[in-house]
Structures are given as C-alpha cells and as structure tokens.
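Residue strings, one per chain:
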Amino acid sequence: MQIKPKVLLVDDEERILRSLGLLLRMQYQVFATSDGYEALEILKREKIHVLISDQRMPVMMGSELLRHAREIAPDTVRILLTGYADADAALEAVNEGEIFRYITKPWGPKELRDTIAQAADIAVKMEGASVAPASVSVVPDKLTCLVLDRDESTFKAVQDILGMQHEVVWRQTIQGALQMLSSRAVAILVTELSLGDEDLSAMIKTLKQEHPEMLTIILTCFKDTSRLADLINQAQVFRYLPKPLRKGLLSKSIESTLTRYRAITSTPVLLNTQIVEKTSDTSQQEASAKIVEYMAKLRGKTGFTRSQPA
Amino acid sequence: MQTGIRSLARDIPFFSPHDKLAVVAERFLDADLQPALSAPVLDADGKVLGTISRYQLNDIYLKKFGRDLYGARPVADFMTTDCLRVEVDVPVAEAAQYITTHMRFPLSEDFIVCESGRYVGVGAVLSLLAAMEQQMSRGAAELTQAYRTLKSSQAQLVQSEKMASLGQMVAGVAHEINTPLGYVRNNVELMQEFSTQLRELLTINNALVQSLLDPEGTDIDVARHLSAIEDLRLLVDPELLFSDMQTLFSDTAFGLSQIGELVLGLKDFSRLDQAHTDNVSLNDCINNALLIARNAIKSKVEVIRLLGDIPKIACAPSQINQVLLNLVSNAAQSIEGSGKLVIKTWADEQHVYASVQDTGRGIAPEHLKKIFDPFFTTKPVGEGTGLGLSISWQIIQQHGGRIRVASEVGRGTRFVVVLPLKTAATGTNVATAIGITAASH
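First to last, the sequence lines map onto chains A and B. Be aware that the first sequence starts at 4, since it is given in the numbering used here, and climbs by one per residue. Be aware that the second sequence starts at 3, since it is given in the numbering used here, and climbs by one per residue.
None of these hints come from the bench; they were simulated from the model. A portion of the hints provided could be inaccurate.
[Stated by the list, open to error] Straight-line alpha carbon distances no greater than 27 Å define the calculated BS3-like cross-link-like pairs of lysine-lysine that follow:
1) A:K226 - B:K302
2) A:K47 - B:K302
3) B:K381 - A:K226
4) B:K381 - A:K246
Start from the sequences and build out the full structure, keeping to the hints where you can.
Okay, structure coming up:
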C-alpha cells in the first residue's frame, strides 16, 4: 500500500479537528493538535506534507505558527483556515507565513479535499526533488523588475533598491505593462492594486497563470481581507505591502522575492508551489480572457515566447 | 427689535415747568391727553424734568380750595421728579424689570421714553408688561423647540452609537458562527458518505441472506458473498463507522446549539422585539455583552467572570447591554498583547454593582476627567465616536445609578457601574427619558 502523505491540523476547536480528521483519514495520515507549540514539535519530528492552521487560537496565533513552520519545515505546504476576516492576520500569513491557500470557514468539504490533495501532491513532488536536485538551469545575474504604479515614488524606491544590479522598468498603464511583459521575461512584478479607478486584480491573476515563475509584490493602501484571500489563492501573491511605502520593508521583501525567484528557476519543481486556483467569478473570467487575447496578439507581433514551466 | 420700547411710546403732549397747574389740569381734559395717566414736564431742550399725573391733579383738586390755592402755581412745584424713565434702546425685559421694581401702587403713572434724556413719548406700564409676557411666551416656545431638537438629536446620537457598536458586533458574531458552521457542514457531508458505505454493506449482507434462504442457493454463492463482505469490512468497519457517526451527530448537535446561542445572544442584545424594560439580572447582561464582544476580545486576553448571586433589577436591558458592551470592548482594546479582563458583580441591600477591570494601558489623569464628555476620544479619527462613555454615563444616570472609574497608567482601568435595586423612575420612563422609544422605531 502506498504511504499516505502526512497532514497536520491545528485548531483550538476540537470538533473541527475531529471533523477534518474524519474527512481526511482515508487519504492521509492525520496529526491534530490545538496547541501551536505542540504543532511545532510535530513539524520537527515528522515530515509533514501539509499544515492546515486556524488563525485565532489562544496559545499561539495561526499567523505566528505559520511563520515558525516556514522556518522549521520550509517544504511543508501551509494553508490558513479561518472564520475571521482579519486583514492583519491575512497580511502576516502571506508575508511571513508564505501560505499556499487562504480558506475561509465554513469550508466546502469537496473543495477543501481538492485543495489539500493539490497541496499534498506538491509537497510529495518537492520531497522527491530535494533528494535528487534538478539540473540547475542558468539564472541570469541581471533580472528585470516591472513596476506598475502611477506613483513615481514607488518606481524610485524600487530603482534605489535594485537599480545597481538589475533592470527596473516603470509602466503606468496596463497596456504598457502587458507590452513590456510580451517582449521579455520579468522576474518580479511590483504593482499597485488599482490604477485610478481601474482594478488590477484580474490582470494580476491572469499574469500569474501566464507567467507562473514571475513573483508578485503588491503595494497598496487597500486592506480588504476577501480581496487579499483571492489574490493569495488565485495569484499566489508573494508579498502584500501596505502604503505608505516603508523602504526598509520593501527592500527586505524584494530581497526575499529575488531569492525565491532564483530558487524557483533553478529548481523547476518548486514552480508547482505557484499553481493558482481558477476564479469562479464570470466577470473576472471575461476580463482575464481579454487580457490573454491581448497578450497573444502582442506576442504574435514581437515573436517572444515565454519559457514553459517544467 | 420690533417690540422694542420705541413701539410702546405714544406721542403725548408735554408741559413746560412754568405752566400753571390750572392750565395743566384743564389740558388733561383734552382728547389728546385722554389715553395718558401722566404727562411729561420738559425743559427748553426737551429734557425730561419730571411728570405730572392725573392722579396727582385729582389729589390736589380734591383738597379744600385746592384749585384756588394751587392753580396759579407752576407745575414744576408739583411734578414727580423720580418718575419712571426708560431709555429707548433698553431691551423690553430690562425695562420691565426696572418698571416693576420702581412703579408705585396704585398704578397712577405712565413711563417716559427718552433718547439720551430727551423726550420721545409716553408708554403705558400695562402695554409694556403685555409686550414682556408676549416675548416670554415666544421665548418659551423657542426653548421648547430647542429642547425638542436637542433631545431628538441626542436620541439619534445614542441610536447611531448603538448601531455602530452593534454593526461591529454583528460582524464579529457572524464570524463566530463560521466555526460551528464549518464543522457542522463538514459533518453532514461525512455522514452522507458514511451512510452510503453502510448501505453498500447492507446490500451485500442482504445478498448473503438471500442466498442462504434460497433453496437453489449453492455453497459457492454463500462463500462468494461471505468473501465480498469480508473484503468490504476491511475498508468499512461498521462498528467504527457507527461510533464515528455518534461523535459526528453529537458534535453537530453541539454546533447547532452553539449557532442558536449566538443568534439568540444577538437578539437578546438588541432586544428590538421586546418591551423596553424588563426585570433582568446584570449577570445575563454581562454574559450577553461578552458573547457579542468575543470577536473584539483578542484571544490573548483572559476573561475572568466573578459573577455573584445578585437580584434582578428593572431596567432597559438593551441599554444596559450597550453600556456593558462599551465597557468590555474599551477594556479589551486597552490591552496590548496579553492581559486580563476581570468582570465582577455583587449586591448589597440597595444596589447591584458590576465592575469591569482590565490590565490595559490605563488612562492618564488629565484624560480621566474628560472621559465621560461627549466627543472626547483618544482614538484616531474614524475609530471612535467619543460618544460611547458619555452615552453609557447618561444611560446609567437615567436608571438612577452611577459609573465610577479608577485608572493608573500602565496598570489598567476599573469601571464600576452601580444601579439601584429599585429604580426611581418606573420602567417605561427609563426608556423614554433617553428618547430611545422614538428613535428605535
């Protein structure tokens, strides 16, 4: 019999643990605890594939647990399962916990099973990869960072941080950004969430589907939990930073993003962690289809083809 | 002002100080002097020297030989010099005050209206008093109107503060429901799966029974069914399945009761569907407020309830809930990181007490004096209305109670709500006094 992947559940409500335990026990070896410290012990002891954590817990908050988990077991795929729309917790879970999915309670049992199956699949693949590292592809020293924001200070800040070693390109419109993206590979996209009254969410999500290796940093003053949850699940946003911009934080974030980008491009199996969920919102799907079409047209003109993920 | 002193001044003929008394008396019989009780005596510049009244003339003439004795003497010898004088620009109220304190009884003179000491006209005391009364009643109407406006805007403030805190809390409770809803939904899904598995097992078992009962049935059929059952039992253990289902059922029942409790808590909290006053226990109000505020209380805040055995009191529960919720959420907000929130109730012969104590950042002494002032807040713009405590204070006042506060920066704050066992105001008055009745419908 095939060895079942290991899933660790952390929630202060034992009924959630029981319920999820029964849902998952056929496919997985399930560990469960209501104590964050015990969860960290389990992570040290066992090779856990998927960690599913609640946010509001008395002993240790979920975002804190996820942050420690990332240090202790970086290959464990992390999922936040919460019933509260706590924007700060969601920000922490992205920026420090680098979560794979943000799932809200009450969850749909089928959807949750699918998400966990996907997460477990990624973790198992990565396990194999770390035993036999993939052939290192050449990562260019000089990378390109695209800044999409009307605010020049954002561009200047990124330019100050990266300008010496890398190329920083500034665009103020979606068209401009898409043209730029169709002509060359971009490692990091630093973007606002809106240009004037234009919402960029659909574009950001579509770009992630088209360019899974490109990592996204969002810089915005919007702090809406459900929007952020969508951006995690459907765009794998790597960092979500609040405006007004803090340069130290931006610099640190860009540095981690570069490291992550290099890791992904040199170990293609990591690209699996960038898999996004498709949106079920029809207006977003339409917007996305338009963007894809526009990009295809641009590519036709320039003849640039993006690198296929392994 | 239209009803100023000038409008009361009638143009009454005047006398010179040298006019003979007989002439003056004769003049008083003329039509133009008919409306006057008295007439002014002016010097050449028009300055008022005094007044001579009909009453004085009668008095003199009624004396024996009065007319013969005094008729030829100048009016200046008889006039009243400390007559009633009112400057034309004096407000009516002030003039009325002056007249009522200086006028003589029986009322025998009018008052002279002057402009910088010069004669303008003569005013009747009665018409001044009438003007005064009119003005006062208008003032009273304005006051009533202002009072009404004030009261309704205050009721609106109370209501909007209540709605704001309630809105926040409803969101919190909605999230609170997500946890039980999460596992209840999951459990129902699981039970459906389990019942499908049990049905499969049952079907195979039935097939076995069939083959055993069937006279044509062979041992091979029986063996085949038996092995199928064995195979399935490896995957589906009915004993385990039933015990799991028991757990799922009891967890689901618990979850549903929790959801029910949360919904009931919200309903109890707002009490929109109930009478405005009721006999309730402060303990229930506290439990309600804590239930509603659970989302606002960070999970690192330890809540300690020391609820005593206290009698019920007649109060407007939704208002008392509002006060307690306000105190509890303020306390929770004041705690940075981890801390404690101690809520205590007790009673003596006359009062019930509820204290809300936190280990939060405390209130600076200079702020402590102002915390019950309307619009006083130390929170950033948009985060606090500055009305919570001021409204709480009012609500408790209207219930005949009081709120005390003690605080130390860095150590925490303690609020004590004291409510009388017997409210001075009867039930409904409590609610109407604060204007809730009108605003909540």
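>> If you test the structure against every hint from before, which numbers come out violated?
In response: none
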